[in-house]
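Here my numbering = 1-based position in the sequence shown + 159.
If you're looking for bench data, these hints aren't it; they were derived computationally from the structure.
You may find that some hints are simply not true.
Unchecked claim - Here are the simulated lysine to aspartate or glutamate pairs, EDC-like style, with alpha carbons at most 20 Å apart:
hint : residue 1 : residue 2
1    : K217      : D179
2    : K210      : D174
3    : K188      : E166
4    : K217      : E203
5    : K209      : E248
6    : K209      : E284
7    : K202      : D179
8    : K259      : D242
9    : K259      : E284
10   : K202      : E169
11   : K217      : E284
12   : K210      : E178
13   : K209      : D192
14   : K217      : D242
15   : K202      : D174
16   : K217      : D162
17   : K188      : D162
Stated by the list, open to error - Quick list of simulated restraints, FRET-style, between CB atoms:
hint : residue 1 : residue 2 : range
18   : Y189      : K210      : 17 to 25 Å
19   : A165      : L246      : 17 to 25 Å
20   : K252      : R204      : 19 to 27 Å
21   : R212      : G185      : 18 to 26 Å
22   : G211      : A165      : 18 to 26 Å
23   : D242      : V213      : 16 to 24 Å
24   : G211      : D162      : 20 to 28 Å
25   : L246      : G211      : 56 to 64 Å
26   : P187      : K210      : 54 to 62 Å
27   : F195      : S170      : 17 to 25 Å
28   : A257      : R204      : 49 to 57 Å
29   : K202      : S170      : 56 to 64 Å
30   : E203      : T256      : 52 to 60 Å
The beta-carbon is built from N, C-alpha and C at its ideal position, and this holds for glycine as well.
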Amino acid sequence: MRDDIAEFFESQGGDASLEDVSNGLGIPKYGSDSAFMLLQRLKERGIVEKKGRVWLLKKEEKPKPTEEKVAGSRVEAKPNTVDMQALVEMVAKTLSTAVKTSTPPDEWELATKPMKTKVEDKARELSRFIIKPCMVRVKGQVTTPPLFLLLET
């Protein structure tokens, strides 16, 4: 049907009204399979355009690729494997150097690294102390909250 429309528009000089299309192709103007619906579908695809009451056939000009462009693109499409290998090695070396020498940019990374201080030694030093809750009576009343006493063992 698209070819029929294209031939019809060419025979009409590239433009036709809805009535011309309907009469020329022998289809109704409006409805589900009408000239109007057909022209709307062609408009959505970019084949025709509407100017007032007239529908115009768009000229489709496809530029032909020159032999130079085709040959040039074929040469560019093949990457040089030696250069690619050297590039991959350089990137790998740079990344390994950067990872070894970089300092963490934020505190979160510092928090996720293993601690270098010895917490166990400090725990042993403080283990001799015992914290026990105690209630103190002041003038017959118990203190709230309870006080904690630090006792040495």
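Would you check the hint for K202 and E169, treating anything up to 20 Å between C-alpha atoms as holding? Roughly 16 Å separates the two Cα atoms, so the pair holds.
Just to be careful, I want the Cα atoms of K202 and D174 compared with a cutoff of 20 Å; is the pair within it? 13 Å, holds
Could you tell me whether the CB distance from F195 to S170 stays inside 17 to 25 Å? 20 Å, holds
18 to 26 Å was suggested as the range; check whether the CB atoms of R212 and G185 agree with it. 20 Å, holds
Hint says 18 to 26 Å; check whether the CB-CB distance for G211 and A165 agrees. For A165 against G211, whose Cβ atoms are near 21 Å apart, the range 18 to 26 Å holds.
Just to be careful, I want the Cα atoms of K188 and D162 compared with a cutoff of 20 Å; is the pair within it? 19 Å, holds
Between the beta carbons of E203 and T256, is the distance compatible with 52 to 60 Å? 56 Å, holds
Check whether the Cα positions of K217 and E284 lie no farther apart than 20 Å. Between K217 and E284 the Cα gap is close to 91 Å, so the pair fails against 20 Å, i.e. violated.
Is the straight-line distance between the alpha-carbon of K259 and that of D242 20 Å or less? 26 Å, violated
Proposed proximity, D179 with K202 (alpha carbon, max 20 Å): 17 Å, holds
Using the Cβ atoms, figure out if A257 sits within 49 to 57 Å of R204. 52 Å, holds
When you take the CB atoms of A165 and L246, is the distance between them in 17 to 25 Å? 51 Å, violated
In summary, the structure is inconsistent with hints 5, 6, 8, 9, 11, 14, 19, 20, 23, 26, 29 from the numbered list given earlier, while agreeing with the others.
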